[in-house]
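Whenever a hint applies, use it, and build me the whole structure from the sequences.
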Amino acid sequence: MDLLCFTNCFLPQEDGSLVRRDLWVDSAHGCILDAQKTFYTIRKRPTQLIDLGSNILSPGFLDIQINGAYGFDFSIYSDDQSYLAGLEMISKRIVETGVTRLTQERSVYPKLLSLLSPHSFLHSASLLGWHAEGPFLQQVKRGAHAQPLLLSAPKGIASIEEVYGPENLAPGGPGVRMITAAPELQGIMESIHHLSDRGVIFSIGHSIASSKIATEAVLRGARLITHLFNAMPQLHHRDPAIIGLLGAGGPYSTRPVPVTPHSPRNSAVALDERVTPPQTPVLDPTYGSVHRGRRGQKGMLLAEGDEFERPFYGIIVDGIHSHPNSVRLAYTAHPEGCILVTDAMSFLDPHLPNGPHEWRDGRRIVKEGDKIFLEGTDTLAGSIITLDACVRNFSLFTSTPLSCAIRCATYNPAKCLGIENKKGTLRPGADADLVVLDRNDGTVLSTWVAGKMVWSRK
Amino acid sequence: MRLIIRDGPEEVGRYVGNYIAKRINDFKPTAEKPFVLGLPTGSSPIPTYKHLIGLVNKGELSFKNVITFNMDEYVGLPRDHSESYHTFMFREFFSYIDIDPNNVHILDGNAPDLVAECAAYEATIKAQGGIELFLGGIGEDGHIAFNEPGSSLSSRTRIKTLAYDTILANSRFFGGDLSKVPRMALTVGVATVLDAREVVVVVTGQRKSVALSKAIEEGVNHLTTLSALQLHPWALIAVDEDATAELHVKTVKYFKSLERVQEEVERNKANLNENASSVD
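Just so you know, the sequences run in chain order P and B. Just so you know, we're using numbering that gives the first Met the number 0 here: the first sequence kicks off at 0 and counts up by one. Just so you know, we're using numbering that gives the first Met the number 0 here: the second sequence kicks off at 0 and counts up by one.
By construction, these hints were calculated from the structure, which means they are not laboratory data. Some hints could be false.
[As the list claims (entries may be wrong)] DSSO-like cross-link-like pairs, simulated, lysine-lysine; straight-line CA separation at most 27 Å:
(1) B:252 - P:43
(2) P:211 - P:451
(3) P:43 - B:63
(4) B:252 - B:268
(5) P:43 - B:57
(6) B:213 - B:268
(7) P:36 - B:63
(8) B:21 - B:49
(9) P:211 - P:154
(10) B:49 - P:36
(11) P:36 - B:179
(12) B:32 - P:43
(13) B:125 - P:43
(14) B:21 - B:179
(15) P:43 - B:49
(16) P:154 - P:140
So this is what it looks like as structure tokens:
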């Protein structure tokens with residue numbers, strides 16, 4: 000067994016805190032170890048010590064919405080070979096931004112999807128599956144998506160299967176992991192539970208759903224909102240629509256939340272200075288019994304049987320697609336649901352110089368920092384922000400420590416995808432996909448996939 | 000018995016850490032002849048552990064050939080529970096030093112046969128040639144390990160029911176929930192500790208001052224099990240100023256003067272050696 004010990008480092012926790020602790024990794028099996036168990040049960044200790052110089056050791060970032068990068072566009076297909084080469088190229092290069100897992104995104108479908116199962120290339124980020132954004136999108140909120148391609152689903156789930164191919168929606172199978180669609184379109188609402196039953200995440204986006212429709216979509220299993228604030232109705236106080244889901248609590252509550260004074264039943268009498276401890280033991284008769292947690296503790300009261308779970312939301316934190324104040328507003332409302340996404344186009348490449356660049360159809364774009372415009376206009380041509388930059392921005396915009404921002408790029412997306420035991424976490428048994436960040440400014444210093452270093456800052 | 004008085008817990012930790020390091024280094028342990036060390040849990044030894052970790056990091060000390068035996072462990076508490084003594088030792092000490100996991104011994108409070116577990120523990124200690132140095136701390140009632148008031152002074156490793164006061168005191172580690180505090184523990188006995196060739200006990204804080212006074216200023220008494228140390232031929236108690244609050248001024252002065260004299264003797268001896276070697 001080849002054991003590594005990362006030492007002198009800070010580990011971001013699932014609750015957004017940061018603790019100074021060592022991390023033990025089995026680099027042969029590429030997983031994170033329970034250090035204490037390894038020590039006492041397997042009776043081994045690491046052979047190799049890696050001093051990280053008081054920097055942050057984070058789980059690898061997960062980008063659940065990316066369209067392309069480094070000049071390659073996931074939605075442009077010429078032939079199998081060059082497509083796979085493009086995927087591999089992105090997987091190899093994107094690790095410099097701390098990303099170790101991607102769900103790619105595309106707009107035109109079925110024959111491609113069959114050859115694009117989750118891929119894993121050596122020494123690179125791996126692909127978790129596809130995030131299909133469209134074609135079931137609302138015409139008026141289609142954004143950059145081409146109008147003639149948009150559809151509704153008159154036959155419900157059958158229509159959806161027609162587009163993606165049933166094999167790509169099979170439970171546990173490769174292919175589509177997430178679908179962004181507008182729930183108000185014909186046949187979509189009825190299909191949500193079919194999709195979630197198969198383990199496909201339904202995400203509300205490119206939609207004009209009202210509060211009522213959006214809420215119903217969530218009750219039927221929608222788990223995510225695609226690029227919050229973009230391609231959806233803006234927040235209106237009488238009908239906050241999709242954005243309003245962040246404030247949803249118990250839409251069907253029937254009673255007010257009862258007031259319960261704080262009185263831990265089993266607290267030690269000795270700790271309560273107003274009560275003299277008895278001389279003889281007064282031990283609790285419930286000793287040894289299992290304490291069950293109460294439901295609905297977060298202050299939301301639900302009617303019997305209604306479990307309303309607020310959806311996760313993807314948010315592009317480039318300071319352009321959502322204003323810093325909006326980011327802060329959303330995060331304050333629902334910190335556990337926040338997921339940083341890039342929604343990046345093929346121009347994502349931190350090495351691409353500012354200035355004009357050739358684009359498709361003979362048009363040119365101009366890169367200016369994190370913005371790209373169509374040349375001669377002020378029309379945004381998509382996002383080119385990297386996820387590590389999103390993490391740094393997020394920390395600035397919300398005045399939260401880096402560890403909270405890290406959670407939104409690791410644990411939260413993993414939890415949304417239901418893979419939080421394996422990815423986006425430092426739990427024992429999880430994959431050793433790691434990124435070392437500078438503790439002061441959050442720049443990526445090195446990236447590790449399956450316990451092996453795949454990139455490091457020169 | 001020696002009583003060493005230092006200003007605060009950190010100074011005590013530094014003194015005891017240096018002392019143990021010197022003992023281990025002078026012993027020159029090898030794989031064939033390892034140094035056998037007894038270890039406690041609790042808040043008092045933490046500064047000592049911190050100092051030892053520092054020495055290991057600086058390369059001045061190695062635990063490669065050190066075998067450790069811990070004093071005690073709760074019964075029925077999962078080994079990876081945040082309050083188990085396995086967790087404590089790993090978190091505060093073992094994860095930072097270069098000790099071989101095979102050389103670490105902690106009683107298993109989840110063993111199917113607890114009596115056999117205790118007997119096997121004693122046998123293992125004996126097989127390693129006995130404990131060279133037992134480091135300890137005490138409770139507010141003067142207990143050493145889980146040998147609470149009334150424990151036989153000739154007790155061996157065994158199951159102990161915890162005193163109500165100890166359950167109360169420990170409940171702070173279990174979210175203030177009395178029902179979650181284990182009721183029993185496995186612990187080395189008073190005689191097991193006294194069998195060690197040397198015993199070093201750390202006592203810090205005013206809350207321990209009554210116990211310290213009873214242990215060293217009064218007679219041997221099973222209600223303060225630490226007092227059994229009076230019968231040990233090579234014992235050292237290291238305390239901070241706060242812990243001396245209940246001692247007689249005379250006692251404090253006596254032990255402080257003793258340390259001065261000892262220092263003087265050692266200085267003279269060092270000078271003599273130096274002179275002798277310069278004559279050669």
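Comparing the hints with the structure gives:
A threshold of 27 Å between alpha carbons decides the hint, and for residue 252 (chain B) with residue 43 (chain P) the separation of about 49 Å lies outside it, so the pair is violated. Distance check on the hinted pair: residue 211 (chain P) and residue 451 (chain P) sit about 48 Å apart at the alpha-carbon level, beyond 27 Å; violated. Restraint check for residue 43 (chain P) and residue 63 (chain B): the C-alpha separation of about 13 Å stays at or below 27 Å, so the hint holds. At most 27 Å may separate the alpha-carbon atoms for a hinted pair to count; residue 252 (chain B) and residue 268 (chain B) meet this at roughly 24 Å.
Taking the CA atoms of residue 43 (chain P) and residue 57 (chain B), the gap is near 23 Å; set against the 27 Å cutoff, the hint holds. Using a Cα cut-off of 27 Å, the hinted pair residue 213 (chain B) and residue 268 (chain B) is violated, with the two alpha carbons roughly 35 Å apart. Annotation: proposed proximity of residue 36 (chain P) to residue 63 (chain B) holds, straight-line Cα distance about 20 Å (limit 27 Å). The suggested pairing of residue 21 (chain B) with residue 49 (chain B) holds, with an alpha-carbon distance near 16 Å, which does not exceed 27 Å.
The hinted pair formed by residue 211 (chain P) and residue 154 (chain P) meets the criterion: a straight-line CA distance of about 23 Å does not exceed 27 Å. For the hint linking residue 49 (chain B) to residue 36 (chain P), the alpha-carbon distance of about 22 Å falls within 27 Å, and the restraint holds. For the hint linking residue 36 (chain P) to residue 179 (chain B), the alpha-carbon distance of about 23 Å falls within 27 Å, and the restraint holds. Simply put, residue 32 (chain B) and residue 43 (chain P) have alpha-carbon atoms about 22 Å apart, close enough for the 27 Å limit, and the pair holds.
At roughly 25 Å between alpha-carbon atoms, residue 125 (chain B) and residue 43 (chain P) fall within 27 Å of each other, so this suggested pair holds. Distance hint between residue 21 (chain B) and residue 179 (chain B) is unfulfilled; the C-alpha atoms sit about 41 Å from each other, more than 27 Å. Taken as a hint, the residue 43 (chain P) and residue 49 (chain B) pair is honoured in the structure, with Cα atoms around 22 Å apart against an allowance of 27 Å. For a cut-off of 27 Å, the pair hint linking residue 154 (chain P) to residue 140 (chain P) stands: about 23 Å separates their Cα positions.
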